[in-house]
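So the sequences go chain by chain: A and D.
If you use this note's numbering, the first sequence closes out at 122, no skipped numbers anywhere.
If you use this note's numbering, the second sequence closes out at 230, no skipped numbers anywhere.
Think of the hints as simulated: they come from the structure by calculation, not from any bench.
Keep in mind that this is a model prediction, so the values were computed, not measured.
Keep in mind that the hints are not guaranteed to be accurate.
Unchecked claim - Now the stretches of chain A that chain D is said to cover, found in silico as 3 or more residues with beta-carbon under 8 angstroms:
| # | stretch |
| --- | --- |
| 1 | 14-25 |
| 2 | 74-82 |
| 3 | 112-121 |
Stated by the list, open to error - Here are the simulated DSSO-like pairs of lysine-lysine, each with C-alpha atoms no more than 30 angstroms apart in a straight line:
| # | chain 1 | residue 1 | chain 2 | residue 2 |
| --- | --- | --- | --- | --- |
| 4 | D | 230 | D | 164 |
| 5 | D | 226 | A | 76 |
| 6 | D | 230 | A | 76 |
| 7 | D | 230 | A | 43 |
| 8 | D | 226 | A | 43 |
All C-beta atoms in this analysis are idealised placements derived from N, C-alpha and C, irrespective of residue type, glycine included.
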Amino acid sequence: EVQLLESGGDLLQPGGSLRLSCAASGFPFTTYAMSWVRQAPGKGLEWVSTISGRGDITFYADSVRGRFTISRDNSKNTLYLQMNSLRAEDTALYHCAKERVVQSIADAFDVWGQGTLVTVSS
Amino acid sequence: DIQVTQSPSTLSASVGDRVTITCRASQSLRGWLAWYQQKPGKAPNLLIYEASRLHTGVPSRFSGSGSGTEFTLTISSLQPDDFATYYCQPYSSESSCSFGQGTKLEIK
Chain A
1 EVQLLESGGD
11 LLQPGGSLRL
21 SCAASGFPFT
31 TYAMSWVRQA
41 PGKGLEWVST
51 ISGRGDITFY
61 ADSVRGRFTI
71 SRDNSKNTLY
81 LQMNSLRAED
91 TALYHCAKER
101 VVQSIADAFD
111 VWGQGTLVTV
121 SS
Chain D
123 DIQVTQSPST
133 LSASVGDRVT
143 ITCRASQSLR
153 GWLAWYQQKP
163 GKAPNLLIYE
173 ASRLHTGVPS
183 RFSGSGSGTE
193 FTLTISSLQP
203 DDFATYYCQP
213 YSSESSCSFG
223 QGTKLEIK
C-alpha cells in the first residue's frame, strides 16, 4: 500500500525553526517528485514546494522562498521541509504529496499524507 | 505565475442534482488541470487529472472538461458522500502549482 506519513509538527514562537519529515512507503520513492502543500485553519490549499526525484531541482512558492528548504534522502525514503524564520501566517497543517507520473516534476498529486500541524504563536 | 479562479465559492444542492464547478486560469493551461475533493479533517483526494481523465477508483458520475483557460468539474447525480470541498489545481508550470480557492458543496 502506498503511504505517506508526516511528522515533526509543533508549537513554536515567531522566528523559530522546525524540520518536517515525510516517510514514504509502497512505491519507488526515487522515481517520483514530491511536494509539500499546506492548509491554514479554515482556509484553502496552498502549494509550498516541490522537489524532483533525484533532489536536484526544487521550486518554492513566493511566500516561503528564502525561508524554507525542501530536501529528500532517497536512501531513507524520506522527504523533508526545513522551515526557518517562521511567521504566524505559516500556521497550517502541512501535507506531503506524491506526483502522479514517474519522473515528472509538474503533475497532479495522487497520494497525500494526513498532515502534521505547525503552529506559530507568541 | 498562473492564477486560477474557482466559482462558485459555495454551492447548495440536493441529492440527485447535477452540479458544475468552474475554474478559470489567467493564461492557457492547455489541459494540465486537476480536481480534488476534500472532506473535513481529511487529506484531499485526486478526482480528475489532465482536465478530463478520471483517477483510479473515482465514480463515473464525476467528469471534467475544458481546455485553455476554462475548465469545469461536473457531478452528474449528487450522492450523500459528495458533499465536500472541491479544488482545482493547474500544473502546466513546474514552478507554480497554486490551487483554486475551493468550492464548498453543501446540502440544500
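A quick look at each hint next to the structure:
| no. | hint | verdict |
| --- | --- | --- |
| 1 | 14-25 | violated (count 0) |
| 2 | 74-82 | violated (count 0) |
| 3 | 112-121 | holds (count 4) |
| 4 | 230(D) / 164(D) | holds (23 angstroms) |
| 5 | 226(D) / 76(A) | violated (38 angstroms) |
| 6 | 230(D) / 76(A) | violated (48 angstroms) |
| 7 | 230(D) / 43(A) | holds (22 angstroms) |
| 8 | 226(D) / 43(A) | holds (11 angstroms) |
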